[in-house]
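A.B. asks: Chains A and B supply the protein sequences, listed in that same order. Per my numbering: the first sequence ends with 1673, consecutive numbering throughout. Per my numbering: the second sequence ends with 931, consecutive numbering throughout.
Hints may be right or wrong, so weigh each one.
[What the hints assert, rightly or not] Below 27 Å or equal to it, Euclidean Cα-Cα: the simulated DSSO-like pairs (lysine-lysine) are: (1) Lys673/B with Lys590/B; (2) Lys839/B with Lys1621/A; (3) Lys590/B with Lys1618/A; (4) Lys602/B with Lys1460/A; (5) Lys1588/A with Lys849/B; (6) Lys1588/A with Lys844/B; (7) Lys1479/A with Lys844/B; (8) Lys602/B with Lys1587/A; (9) Lys1588/A with Lys590/B; (10) Lys590/B with Lys1615/A.
The hints are simulated quantities; they were obtained by calculation from the structure and are not laboratory data.
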Amino acid sequence: MKNINIEVGLRTAYDINKEMKKAAESNDTITLKNVLGQRFIGSGISKEIKIKIYGVPGNDLGAYMDGPEIEVFSNVQDAIGNTMNKGSIIVHGSCGDTAGYAMRGGEIFIKENVGYRVGIHMKEYLDMKPAIVIGGTAGDFLGEYMAGGVIILLGLNASKKQPLTGKFCGTGIHGGAIYVNGTIESHKLGKELKPVKMEQKDISLIENYIKQYRKYFKYEDEIKTDKFSKYMAVDTNPYKKMYIKY
Amino acid sequence: MLKKEGEIRIPSGCAISGIIDKKRNRFNGSDIIKSIALMHDRSNGLGGGFAGYGIYPQYKDFFALHIFYDNETIKHKTEDFLNAHFEIESAGNIPTRKVSSIANKPLIWRYFVQPRIYKVKDLCMDEKEFTARCVIRINREFDGAYVFSSGKNMGAFKGVGYPEDIGDFFMLENYEGYIWTAHGRFPTNTPGWWGGAHPFTMLDWSIVHNGEISSYDANRRFVEMYGYNCALQTDTEVITYLLDLLVRKHNLPIEKALQILVAPFWNEIEKENPEKAKELKALRTVYASALINGPFSILVGYEDGLIALNDRIKLRSMVMAEKGNKTFFASEESAIRVICPEPENIYHPAGGEPIVVKLEAKI
């Protein structure tokens, strides 16, 4: 395994991404140190390399990413995994808004909480099934306009003060599934989201992601699956009434 | 000639940052410049600005008027007006340094003034109302003159350019304040001109804003009924006037005023206990036109502290953190970490959740 260290500091995102693309050709891992707000890290690299990030990376981390595994040892900001296609992003912290925006494939694991609109318009096609696994809690509009893939919300730190989800869950959802460790109060459900029965295959799917979550974050306690509930779209075309029929 | 907002349209986010020291320990403008500079990519060089509080302790009892002039003629005309209405304690141009990227600067002047007492008494006003009216009048009637700061012991500094260059231009390292806010502009609907840069101010209120106020016209019609004039045709200025109206003129506590700007949804109000629901309903009804809609995250500086506020469904980012006596706000976490590497209590305020950090009482 060949690794290259890149000192980032206050260098521009343009510089860093250019250097990374070059480094990716001849290395197996890239370690970025003292990252501070640089955007688009990991995008434009179509190789299954590992990228380790120390410091807070900028918005659109792993945007359009097609292969790498990014591991971030701090919080991340907005729109991580924007339209990513393949690979994974593992965050040892919390994240801002719109993680997994329009995601098409790959996996995102977030150890702690996420902000608003996580999984907005994520989608799936045949074997391309993106997944977002959240250890903590989520803000409003979780899975907004979701068209495919899965969101798994573990809510390990959920409490009365820090509720599992915010309001307007799954507003506009028309595909995919949201699994939460508990239940979403009915007033928090978007009009287009409804609870559905959990089946054995759902449990197996969750167990698989929980296993990975525990491995990535060295989470030792058991995470039981018996309290999970599943939510899906009411309709695959919720806004059809708003359009003229031909 | 400066192009005014509304004369052209530039389709194109923004960045905001703020720091407050609750104990009123003053610090210079270097940190706020560093913070906003980190978010360079969020702006496009068409506007940058800062507000500092506690920066003029030697003149703390005077209104500090910062004025842009297009030319000497309008300056003389405006100064005649100022002389007729105010005692001018001190006047001079605001010191700037040459920065290669800053061009087409207007004349930039500063006056420390007190309203002429007999005029204030004649009009049965208090000095704040008198000063506010004079500021509105200059901005409306003196074409080519624009008062962009009018509070006591505070000042706005703004212009066309990237914020870090504007900060350098105004030499903000030479000012010390206990609250600083900053804005990097990426104009979406209107051109960048010196007056159109943030912050927008009225007396000691200053606002930096990332987003777009969809309810602008409804809000504008509302404040204009109370004598304000939205001369800049840019959405942000109306928030400044709304707060000035609700808090200074209508005497509402700041928390209530903010509740009006981001009134809870009707279905949220219904869930409250009857007494609380009645109050919320009354506020929403009486001040229906003061509700702000559209995507925004704003930072509001005022004489008692610093406020952060997001639109109700949080269409813009905002993060806060603390360290010692200081509270930091920014559009991005990295913009806090660049000046405070190990912040505590990192928190993303929820949509419509006002965060008010108050200064401790003056000693």
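A.B. asks: Now look at each hint and say whether the structure bears it out.
C.D. replies: Against the structure, the hints come out as follows:
1. Lys673/B with Lys590/B: The hint is violated at about 35 Å.
2. Lys839/B with Lys1621/A: holds, 22 Å
3. Lys590/B with Lys1618/A: violated, 43 Å
4. Lys602/B with Lys1460/A: holds, 20 Å
5. Lys1588/A with Lys849/B: Distance ~25 Å between lysine 1588/A and lysine 849/B Cα, so the pair holds.
6. Lys1588/A with Lys844/B: holds, 20 Å
7. Lys1479/A with Lys844/B: Status violated; Cα separation ~50 Å.
8. Lys602/B with Lys1587/A: Answer violated: lysine 602/B to lysine 1587/A is near 38 Å, above 27 Å.
9. Lys1588/A with Lys590/B: Within the cut-off at roughly 26 Å; holds.
10. Lys590/B with Lys1615/A: Measuring from Cα to Cα gives roughly 36 Å; hence the hint is violated.
Hints 1, 3, 7, 8 and 10, counting from the list given before, are not met by this structure.
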